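**Student:** As they're listed, the protein sequences go chains A and B.
Reading the first sequence from the start, the letters are residues 1 to 371 in this note's numbering.
Reading the second sequence from the start, the letters are residues 372 to 496 in this note's numbering.
In short, the hints are calculated from the structure, not lab data.
In this text, all values refer to a predicted model and were calculated from it rather than measured experimentally.
Yeah, the Cβ is synthetic: ideal placement off N, Cα and C, and Gly gets one too.
The reader is advised that the hints may include incorrect statements.
Said to hold, decoys possible - If you anchor each label on the Cβ, the simulated ranges turn out as follows:
#1 B:405 to A:98: 31 to 39 Å
#2 A:21 to B:478: 13 to 21 Å
#3 A:159 to B:420: 42 to 50 Å
#4 B:420 to A:21: 45 to 53 Å
#5 A:368 to B:482: 51 to 59 Å
#6 A:159 to B:377: 27 to 35 Å
Unchecked claim - Coverage of chain A stretches by chain B, computed from C-beta distances (three or more under 8 Å per stretch; other residues unrestricted):
#7 12-22
#8 32-40
#9 294-305
In case you want the letters, here they are:
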Amino acid sequence: MSEPITNAPLQLTCLHDRHVALGAKMSPFAGFDMPIQYTSIIEEHNAVRQRVGMFDVSHMGEIFVEGPEAETFVNYIFTNEIRGFAPGKVLYGMMCQRDGGTVDDLLVYREFEPDHFLLVVNAANIDKDFAWIEKQAKAFQVTVRNESPDWGQIAVQGPLAEKTVVEVLGLKEAAELEFYTYYNTEFAGRRLIVSRTGYTGEDGFELYTSLEGTQALWDKLIVAGVAPCGLGCRDTLRFEAGLPLYGDELSEEISPVMAGLGMFCKLDKAFIGRDALAAQKAEGMPRKLVGLEVHDRAIPRAGYPVELPTGEEIGVVTTGYHSITLDKSIAFALIDSRYAPLGTELLVRIRKKIFPATVTGKRFYKPNYKK
Amino acid sequence: MSKILEGLKYSESHEWVSVDGNVATIGVTDFAQSEMGDITYVDMPDVDDEVTAGEEFGALESVKASSDLYSPVSGTVIATNEALEDSPETVNEDAYAAWIIKVEMSDPSELDALMDAAAYEAFIA
């Protein structure tokens with residue numbers, strides 16, 4: 001999560017004053033001044049795994065696409081297949097460049113109105129994505145609107161998330177939602193999207209509404225005792241569940257196929273980057289994203305080299321932690337594909353020392369999603 | 372408000388030193404632990420390793436980041452706090468009890484370059 005250095009003033013979400021009043025440790029992320037932790041990353045992480053926690057994710061981007069060719073267009077810029085995908089469903093996938101490099105990973109919501117879609121994109125990429133989508137849209141009968149500044153978003157996550165949104169927020173229909181579906185309701189006179197999605201490996205909901213509505217939802221949840229959780233544990237939670245972070249595991253240089261996300265790329269349809277991804281799949285990638293378990297408490301951090309016993313560098317760590325849930329040092333690493341088979345023994349250089357590590361799957365923690 | 376103990380010496384990189392004869396006991400300050408958050412690993416040198424004033428001798432790892440430790444004095448490591456291997460969180464609980472290494476000093480005059488409690492309090496204010 002390296003931060004590009006810019007002189008632009010940091011943006012504030014609609015909940016910024018709440019974070020400051022709660023004494024959160026604040027830090028720049030994706031151009032926003034965001035809460036990293038309120039009490040401790042470990043406490044907040046455990047709150048989400050064991051009970052329920054909430055995150056301000058108002059920095060995420062909301063881009064609306066509509067028009068007679070909206071389905072054809074979205075299917076052309078999105079790696080996953082949206083035809084035959086019913087209103088009220090949410091689909092995960094990527095937008096790719098022609099060379100297969102990843103523009104962003106995102107959620108696509110098929111709206112209940114025909115020919116309407118909502119694309120939820122990463123905060124750091126909002127401007128880039130919007131410009132890129134608009135450019136591709138020229139040949140289609142669609143309109144594209146970036147409404148990101150008008151929407152707040154709260155993620156309520158954890159085994160008690162359903163009970164919390166039903167009892168504290170009165171969102172009774174939320175209990176009926178399957179994972180990766182949503183419904184619309186009204187809150188404070190504005191649209192509220194209740195989406196059973198998340199980025200933690202637990203059951204949970206993402207609530208999108210107006211800025212004022214987001215503030216009112218947050219305050220209700222705080223009064224009910226729901227633990228506010230910062231971006232620190234958002235990263236440890238998503239990492240344990242094997243979920244990629246754009247900038248670390250996906251980028252303009254790292255394609256979805258390289259990142260092991262080929263299942264979200266439907267190569268039997270036409271979309272931008274399809275041919276490059278098909279070639280990568282057919283020919284095999286020179287590098288591949290793998291899981292690594294380090295047999296020590298020392299922590300493999302992003303950027304640390306992965307080596308062979310000969311000292312030859314064969315890859316690099318993209319994310320690494322001492323896992324809070326599993327109590328072991330684990331990492332994602334992008335390495336030479338020849339060493340990617342499960343069980344391969346490698347070495348990670350952590351400062352001046354080298355530590356043995358074993359190639360593992362990337363899903364370190366089995367998610368507890370609603371079936 | 373971070374805790375600062377009288378009678379200790381402090382470095383600008385937030386280590387504390389307690390001196391007993393020629394032996395310096397070294398840890399990190401309460402300010403340092405609170406800045407780092409939950410400590411999950413302490414990377415320590417081995418006994419008999421040489422350390423040099425101002426140079427790295429190990430690292431603290433929190434959930435989020437790793438932070439190098441700098442030795443306030445030069446000399447030979449005569450003990451490391453092995454309890455930290457299993458319980459690194461004691462650095463968060465009481466940073467002044469959770470010493471990291473003991474060093475037999477080769478040049479005790481290096482202590483004169485360190486801050487006392489009042490100077491350190493002003494330094495982190």
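**Student:** Each hint should be assessed against the structure and marked as holding or not.
**Tutor:** For each hint, the structure was consulted:
no.: 1; hint: B:405 to A:98: 31 to 39 Å; result: violated (49 Å)
no.: 2; hint: A:21 to B:478: 13 to 21 Å; result: violated (49 Å)
no.: 3; hint: A:159 to B:420: 42 to 50 Å; result: holds (47 Å)
no.: 4; hint: B:420 to A:21: 45 to 53 Å; result: holds (47 Å)
no.: 5; hint: A:368 to B:482: 51 to 59 Å; result: holds (54 Å)
no.: 6; hint: A:159 to B:377: 27 to 35 Å; result: violated (48 Å)
no.: 7; hint: 12-22; result: violated (count 0)
no.: 8; hint: 32-40; result: holds (count 3)
no.: 9; hint: 294-305; result: holds (count 4)
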